Amino acid sequence: MTMQPSTEFHPRWYRAKVSTYWWMGSWRYLLFILRELSSVAVAWSVVMTVLLLRALLNGPEAYARLTQCLRSTWMIALNIITFCFLLLHTITWFNLAPRAMPVRVGGKRVPEFLVAVPNYALWVVASAAIAWFVLRTS
Amino acid sequence: MSKPSNEGFFWLLFSAGGVVAALFIPVHLFLFGLAFPLGWLPQPSYGHLLALAQSPLARIYLFVLCALPLFHWAHRFHFTLYDGLQVKHLNEVIFVLCYGGALLGTLLSGYLLLRI
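Protein chains in written order, with the numbering used here: chain A, 326 to 463; chain B, 3 to 118.
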């Protein structure tokens, strides 16, 4: 944003220089950047889902090719890292929820873990339901 | 405020996508990215997955599963580049690439799910 000086010899606005690597200075900042980068893992997971849908549309050979590709060492390594980032996203998201939306009962704030616990319970139930649908053999 | 802002709308997409990503994406990646390729669980057959994906409810679910988390990514990645790498001079290009990518992915998943 450019500010128009109000007088002819207006002083320059003071801007403290921040290093590009400011987030490497402390564990909190690093965790913040890692949490933000977890969105890349989320995007990659969606790309994988889209690839799977495309393979399903293209027929059994395409599906076999994709499953073969997902067995390669590089893919496994990538997906192990992706899964760690996904867990980071889920945990940080659930732990943040009670702070973003504090729940009050009778004028008193409900402890954070009591708000977070139902989220985790829902996560387990949802995961189990999806796994059941995918693994079910009928 | 000089002009009305769309920030609220984008933030809503971001948080809805964050919820969907937190609840549903880990199990999908665990199954298809780790458990099946590593042989921890039997790989489901083509026919089973196709039949599953063809049911109307699953199509809606899969569309939401693809679309909302992509917009979550767009918001976060945009601000990661903006704040983290401080590439503020490229802000508009990054914005278009992030949200354009999310929109493209959404349309692609919608198209696949309609034809499947």
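Because the hints were derived from the structure by calculation, they are not lab data.
Errors might be hidden in some of the hints.
Said to hold, decoys possible - Which bits of chain B does chain A cover? Going by a derived footprint, with three or more residues having C-beta under 8 Å, they are: (1) 64-76; (2) 91-100.
Said to hold, decoys possible - If you want the ones that stay clear, here's a sample from chain A, every Cβ over 10 Å from chain B, calculated: (3) W352; (4) V367; (5) G384; (6) L412; (7) F438.
Please read all numbers here as calculations on a predicted model, not as lab measurements.
Here a beta-carbon is modelled for each residue, glycine too, at the ideal position from N, C-alpha and C.
Status of each hint after checking the structure:
1. 64-76: holds (count 7)
2. 91-100: It is violated: at least three residues are needed, and the segment 91-100 of chain B offers just 0 whose Cβ sits closer than 8 Å to chain A.
3. W352: 16 Å, holds
4. V367: Contrary to the label, V367 of chain A does not stay out of reach of chain B, its closest Cβ about 5 Å off (not over 10 Å).
5. G384: Since the minimum Cβ distance to chain B is about 8 Å, G384 of chain A lies within 10 Å and the statement is violated.
6. L412: With a cut-off of 10 Å, L412 of chain A comes too close to chain B, as the shortest Cβ separation is near 6 Å.
7. F438: 17 Å, holds
The structure is inconsistent with the numbered hints 2, 4, 5, 6, although it conforms to all the rest.
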